[in-house]
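Sequences listed follow chains A and B, in order.
Sequential numbering of the first sequence, starting at 3, is according to my numbering.
Sequential numbering of the second sequence, starting at 117, is according to my numbering.
A portion of the hints provided could be inaccurate.
In silico EDC-like links for lysine to aspartate or glutamate, alpha-carbon gap of 16 angstroms or less [unchecked claim]:
hint	chain 1	residue 1	chain 2	residue 2
1	A	Lys185	B	Glu885
2	A	Lys185	B	Asp875
3	B	Lys732	B	Glu777
4	B	Lys876	A	Asp27
5	A	Lys32	B	Glu534
6	B	Lys872	A	Asp24
7	A	Lys302	A	Asp220
8	B	Lys872	A	Glu106
9	B	Lys732	B	Asp625
10	A	Lys226	B	Asp875
11	A	Lys29	B	Asp585
12	A	Lys206	B	Asp483
13	B	Lys470	B	Asp483
14	B	Lys876	A	Asp223
15	B	Lys876	A	Asp220
16	B	Lys476	A	Glu49
17	A	Lys206	B	Glu533
18	A	Lys206	B	Asp625
19	B	Lys529	A	Asp204
20	A	Lys185	B	Glu887
21	B	Lys538	A	Asp204
22	B	Lys780	B	Asp875
23	B	Lys872	A	Asp62
24	B	Lys208	B	Glu219
25	B	Lys872	A	Asp61
26	A	Lys46	A	Glu89
27	B	Lys872	A	Asp149
28	B	Lys876	A	Asp222
For the chain A half of the interface with chain B, some residues (derived, Cβ under 8 angstroms), not all of them [claimed, not checked]:
hint	residue
29	Val58
30	Asp64
31	Pro68
32	Asp139
33	Ser270
34	Asp284
What follows is a list of derived Cβ distance ranges for each label pair [what the hints assert, rightly or not]:
hint	chain 1	residue 1	chain 2	residue 2	range
35	B	Glu534	A	Lys32	26 to 36 angstroms
36	A	Gly72	B	Ser540	28 to 38 angstroms
37	B	Ile587	A	Ile111	24 to 34 angstroms
38	B	Ala547	A	Gly112	49 to 59 angstroms
These are calculated hints, taken from the structure and not from any lab test.
Glycine included, C-beta positions come from ideal geometry on N, C-alpha and C.
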Amino acid sequence: MKYFTLYSLVIMACLFILACEDVIDPKLEKADPIMTVDAWLVSKPGEQLIQLTWSVAYDDNDEYPPGVKGATVSVLDNEGKMYEFIEDSQKINGTYVWKPVGSEVFGKIGNTYTLTINYNGETFSATSKINPVPAVDSIAFEYVNDDPMFAEGYRAEFWGNDLTGEGNTYWIKTYKNGTLLNKPSEINIAYDAGISTNTQNDGKVFLPPIRLAINPNDVDDNDKRLPAYRSGDSVYVEINSITLSAYNYLNEVITNTNRQTGVGSLFSTAMSNVSTNVTNNDTKGSPVVGFFNTAAASGKGKKFVK
Amino acid sequence: MQKKQLVILVLLFFILQGKSYAQSKVTLSGYVKDKSNGEVLIGATVYVKEISAGASTNVYGFYSLTIPPGNYTFDISYVGYQTHRQQLQLTKNLQLDVDLNSESSQLQEIVIVADEEHDKVQSLEMSTTKLDIKTIMKMPAFLGEADIIKSLQMTPGVSTVGEGASGFNVRGGSVGQNLLLLDEAPVFNSSHMLGFFSAFNPDAVKDVKLYKGGIPARYGGRLSSLLDIRMKEGNNKETHVQGGIGTVFSRIAVESPIVKDKGSFIIAGRRSYIDVLAAPILNNFSLNFYDLTAKANYKLNDKNKVYLSGYLGRDNFGFAKGQGLSWGSQTGTFRWNHLFNQKLFSNLSVIYSKYDYKLKFGDNANDRLNWKSYINNFIVKSEFSYFINSNNELNFGGELISYTFDPANTSGKSGGEEFNNKISKKYGGEAAAFVSNTAHISKAISVEYGVRLSNFRYMGPGPAYTFNDTIRGKRRSVVSERDYKRGETIASYTNWEPRLSMNFKINNDEAIKASYNRTVQYVHLVSNTVASNPLDLWTPSSNNIRPQVGDQYALGYFRNLSNNKWEASVEGYYRALDNQVDYINGAELLQNKYLEGDLLSGKGRAYGLEFYLQRKTGRLNGWLSYTLSRTELKIDGINRGEWYPALYDQTHNFKLAAFYEINKRWSVSSNFVFTTGTPTTTPTSKYYVQGIAVPHNANESKNNYRLTNYNRLDLAFRLEGKEIKRNGKPKKRRDYWVFSVYNLYARRNAFVVDFKQTDKRFSTGQVIETEAVRSSILGSIVPAISYNYKF
């Protein structure tokens, strides 16, 4: 759905030139910082990071969220294997690291994982599972000049099939020239091969809005869309199998961060709080936000040469 | 409790009617029409001076008056028409049809605006607004296009969340709580081009009446209001063409007799032409809408008359070759008026109504998607009016409605593979019976009391789900599913809806009125966007969604000043609402078969004071309206479970509409609107997850912030075409120009404020910049010219 409204909104915005936008400085309610858990672990070689930070005032554009210091962080799987995450002050604020020993790799498909954080006498926990992941079969580049969603030039499209079985959920991450495309409008998630729960696209080829959402949303200084890929650019597509609740969570993140302004706001909803799967064992204790997910990964890269 | 209510009502009917049975009486009945075109006049009055008794015509122009035999003077009158006086020696039942002459054209310019049944002091109704089509045509309008719904928004108690938002809000009700009837057919979406224009063509409309309260028992099905739009019947004397050429669209209407004085028809159409004009720059985009309104009537004999009316409207918005969004409504109404005798009038209506939308994506043979959704209605309604005597009019009847909901039906191809996803259709049946009596108890007191008994059945075929309720305010998950057979009842609700209106006349110029009504709504408009939009779904009450119930109490003081030149009123209302729908955070409303698991239910309350002052005559006329109100909801899981302002809560709502006749050819009109800003939710904080700054309100507040006040001034000049040709003969064609300016001082009224990241790309470890962006839908002055003609 989101892609669809996006389609229509972009065009609407062009047509209704009467609409306008202004950046304003509203007075906001004050609130205490809340602990944020950013734990998206991927079963692939290398170290795994969990970041614990404090939320900052919404209108604060100067400070990087301060790290939560002195917490003990661990992840336990259902086979009893424990992964200890150690605070690393060399890295950005609040980063806790698990370092593999030898050829060790985090996680195993089919296992469930429990995150436990102890901080200041309180215990926070969350659970997740590693689901299987389908392969990225191929990536293709195509020249377009009449698609309202793309600038004239080359765009990329990946091909792959959803795994059989209803309700697989994926996050398709794209790296262009090694940089993760992480704008809110670039979050690309799939439910089976489709873009919505409750539709039956089990085991099929990913639908076009997913296949094509591996192109960056970049504009020039005049807000004109830039061609997605030029000769010499490389693209790497990584599918992460995420849990259903992570899929729902990312959907909420998209709703609340990928905002349509101008005439597009006729279709927008007011902001609402995004849910979390992390809970304080003491229900009356300090609040917590963020998410814990464990994923398996598959990927493929391609360099574009005209 | 419910049985008791019924007993009391039955008793009331007998007590109040009993006193006038004994005498022998005679009945005068007939139709009141416009002499020039044969259109029946709704709400014209027939008044007997000698005994101060009277009757008014119903929506079909029929009146019936039963009085003792005698020699009387009858005054038949209607706003804007010359009063017809007739002496009659009434010894037996008599039929008297009256054709009224409209007042001369000069006088007609001093039109009475936003009036209601002649005189608000005399009539029993309160909380109603009747807008004259001539007034609507004169008001400054967006892009110069006269608009029924936008004009209504200039009256007390009616508001909107902003430009481009479809529909309207009445006394703290949501857009989906208004019943819009176009010749009795419910219209589910009243907008063209999102909400910039309304779906009704003013050329084809005769009468517009909004009930904000005191809704008569014969109407039901929505909580907040009833907008009763009656189409013109068409001139049954001679053929006429009228129309207009505007900035956005053109209109044309043709009306003509079928058989002179017996039957006539009207066909009116509109089409926008932005897409035609802008085709070269639009490439493959298209944006257009059209609507067609048609009606025919035929008088079979003195006792039987039939009507057939229909509406077809569609918006097409294509954003690439073969891809786009389109939506529209279709309605059809067949009516049969039958006069059993002079005292018993009946009408049978058979109605069909449908709203649907379609989305198409992908023009590639291997990758494409079609998505359709609709709601339709099939209605049979029978109504009887029994004019017992000059003091009592009994209305009774019944209604059967069948509903079909098709929430989403998608099909297409992906990578050459076909797919087909359907969410099961939902079915509902509504049945209602009603009875009410309008009684003039004494010279000073009149009462309309009645009751509506309604039942709704949510039925098969199809699955019904049972949800658990783990955490309040969070998505509920399905615990069981059961498949029902065709016609099998899944859930059923029955409600009594008592209705009561009273008028206590203090003297000829002052009255106090009170009303109470309960309304029940069985179908719900599901929308969590700021403005209602074409993709919003209707969904029935079910085993998971209870019907919405509203109770409204209103009290008003009405007064005429300086010999009826001025009219003033103050009304207060209090509404208590049950089973109001809201949504969980992150609710998925489209393409979700478990939609009900994402809905929350709670209470609502709305109260307010409406002040109204109108100058009815003179070269300068117009009105002033001020509403002070509050609308709140209380829903578990939202705003810490405390009361919070609804999206359409407006503390202050001030409106001024003024009309001034400069000279015989030029006139000017102006609107001014000031309202409190729409409430919205703001974040307190933000946190980073996977390189994205997520806004968060740590206090769990909802609608805690007000957008800046809305205010706007519009101006329109109207130039009447010359009435006389150069050779001195009168012109057959009458025409006028309208020059209008919308948003004269180009204010950027806030529609929403969005909290978002700036459009930069932020790398890991970098501060993510966020901003608050205020969007205005119409941020500048909008001038327009239109040319209108009639011949």
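Taking the earlier hints as the rules, which of them does this structure contradict? Per hint list: 4, 5, 7, 8, 11, 13, 16, 18, 22, 24, 26, 27, 31, 32, 34, 35 and 36 violated.
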